[in-house]
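Chains as they are written, first to last, in numbering that gives the first Met the number 0: chain A, 0 to 249; chain B, 0 to 293.
Be a bit skeptical, because a hint or two may be false.
[Unchecked claim] Now the in silico label distances, taken between C-beta atoms and shown as ranges: (1) Ser12(B) / Ile15(A): 34 to 42 Å; (2) Gly219(B) / Ser4(A): 46 to 54 Å; (3) Ser15(B) / Gln186(A): 55 to 63 Å; (4) Glu78(A) / Gly29(B): 35 to 43 Å; (5) His104(B) / Arg241(A): 21 to 29 Å.
Since the hints were made in silico from the structure, they are not lab data. Don't be surprised by glycine CBs; every beta carbon is placed ideally from N, CA and C.
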Amino acid sequence: MSVLSLTLVHAKYSLIETARIPIAVIGTLVFPALALLFFVVPQQAVAGDPVYATQAIISMSVFSVMIGSLFSFGLGIAENREKPWEPYLRTLPAPGIARVLAHIFSTGLLAIVALVPIIIIGALLTEAVATPLQVLVGLGAVAVSGLPFMLLGMAIGYALPTKAAIAVIQVVFFALGFGGGLFLPPQLFPGWLDAISQFLPSRQARDFVIWAVQGGDLQPLTWLGLIAWTVLLLALVLLLVRRDEGRRYR
Amino acid sequence: MTSLATLDHVSRSFGSVTAVDDVSLKIHEGEMLGLLGPNGAGKTTVISMLQGRRRPTRGTVQIFGGSPADAASRRGLGSTPQETALPEALRVGEVIDFVGAHFAHRRPTAELAAEFGIEEFLRRQVGSLSGGQKRRLSVALAFVGNPKLVLLDEPTTGLDVDARHSLWTVLREQHARGATVVVTSHYLEEIEALAERVVVMAHGRVVADDTLPGILNRVGVRLVRLQTSQPERVEALSGVDRRDGEAYFVRDSDAFLVELVRSGIDFHDLTVRGATLEEAFLSLTESIEPEGAR
Numbered sequence: 000m001s002v003l004s005l006t007l008v009h010a011k012y013s014l015i016e017t018a019r020i021p022i023a024v025i026g027t028l029v030f031p032a033l034a035l036l037f038f039v040v041p042q043q044a045v046a047g048d049p050v051y052a053t054q055a056i057i058s059m060s061v062f063s064v065m066i067g068s069l070f071s072f073g074l075g076i077a078e079n080r081e082k083p084w085e086p087y088l089r090t091l092p093a094p095g096i097a098r099v100l101a102h103i104f105s106t107g108l109l110a111i112v113a114l115v116p117i118i119i120i121g122a123l124l125t126e127a128v129a130t131p132l133q134v135l136v137g138l139g140a141v142a143v144s145g146l147p148f149m150l151l152g153m154a155i156g157y158a159l160p161t162k163a164a165i166a167v168i169q170v171v172f173f174a175l176g177f178g179g180g181l182f183l184p185p186q187l188f189p190g191w192l193d194a195i196s197q198f199l200p201s202r203q204a205r206d207f208v209i210w211a212v213q214g215g216d217l218q219p220l221t222w223l224g225l226i227a228w229t230v231l232l233l234a235l236v237l238l239l240v241r242r243d244e245g246r247r248y249r
Numbered sequence: 000m001t002s003l004a005t006l007d008h009v010s011r012s013f014g015s016v017t018a019v020d021d022v023s024l025k026i027h028e029g030e031m032l033g034l035l036g037p038n039g040a041g042k043t044t045v046i047s048m049l050q051g052r053r054r055p056t057r058g059t060v061q062i063f064g065g066s067p068a069d070a071a072s073r074r075g076l077g078s079t080p081q082e083t084a085l086p087e088a089l090r091v092g093e094v095i096d097f098v099g100a101h102f103a104h105r106r107p108t109a110e111l112a113a114e115f116g117i118e119e120f121l122r123r124q125v126g127s128l129s130g131g132q133k134r135r136l137s138v139a140l141a142f143v144g145n146p147k148l149v150l151l152d153e154p155t156t157g158l159d160v161d162a163r164h165s166l167w168t169v170l171r172e173q174h175a176r177g178a179t180v181v182v183t184s185h186y187l188e189e190i191e192a193l194a195e196r197v198v199v200m201a202h203g204r205v206v207a208d209d210t211l212p213g214i215l216n217r218v219g220v221r222l223v224r225l226q227t228s229q230p231e232r233v234e235a236l237s238g239v240d241r242r243d244g245e246a247y248f249v250r251d252s253d254a255f256l257v258e259l260v261r262s263g264i265d266f267h268d269l270t271v272r273g274a275t276l277e278e279a280f281l282s283l284t285e286s287i288e289p290e291g292a293r
């Protein structure tokens, strides 16, 4: 059985399970839309300006994928490791990479679907502008630049028990969200913070998607950084998957 | 005989607890091997190391000549989840197909379901099954991939007598189809019903590895309880394995009583009963280590 076919099998049954309990997806769908409604739409200075509004929608999309990935991957995996089905799946002849990719194609797909409400709200209630092609390119860019967050969520899920994972995810998403310029635009950052920000995957994802949608310059640090984070975190996740023995009690 | 799985001087600790202590074992092709021992003896840890779920602290574990941690080595392996593990939202047929999709020569879902008596539930969600039906599904999953080696950890725990007997019949049929089967249990009865070779574990060690008749002969211990003013003399009588307070473990209680009466030692309040399996194992452990810390 090839890695690809096993990846699709694992992704398929994970999606079937999710579809049978759809309420679990509601939080992922609603939370970013609410954040957009409360933080961006009422601010006329942002929502009324086509360039800033579009960037704000993009920041919110990146934020949405980040938070969706960290929580769904991190908590989902940490919880599954405490249930006996996950240890059973480990006895089947599926390599770790197939399991990791299956998570990305199932949980990650849902994180991208959660962007639909954001795009609709952005189109209806702000001055943000993007052609249908730009929206598609933007979604592709969000999906690619979301990989580090998905892998980071997986690493947290495989490394920590559920309660510890919640705490770590909360700290990580706030630090990455603020430090990456997803709450406040980086134009408002002091020089030192802007310099640090350039190395964060959240800032790199934001800049990458803005470039994909609006054009302009793409710093080498942005795309090199995204590749580096993805490769490093993938290696870390594969190591953790291989070393994982489920929840350990002492 | 070809060896499908090997443990070579394997130990596994959890923190300060040694669950498996220097175990060496070869599982040969075509065997029906019973891994017998009380709870906490290390049976499940041995199984989980063969499945690649846990790594040994010391020693090496191999299945089909490779490391169980590599997915490729597990292609000929079939195992059973705990019945509480099954994903409740999936349908029975979906669970079988999900697991079956991992194997190149999988059994057709309907055929397998018929053999395990769950064909009428294929369209039902797992959450709606009874405990016994879930257990049948769990055990069936071990066979969906036409495995060469099947590891069953306590396959009939929680089943009533009828369900247990019918599952044993199915397991014997699967073994007859050519699968090598390792079954763990803390019921001697279950091992008697299934196994040809029996490995007994206690305190993380292998204390006996023999044919079924050989093991039955050795664990058939009786427990005699009596009050006496000369316990040392009673203990010294022939046929006494060991003493624990007022309890004496003997192989043949009839011969022991004859000898006790002949010896003229005073006694009262005598009772005789079969030793529990755990007590029998303890006897076995100590008779194997005569110089042990008694």
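Subject >> Non-conforming hints, listed in increasing numerical order >> reply: none
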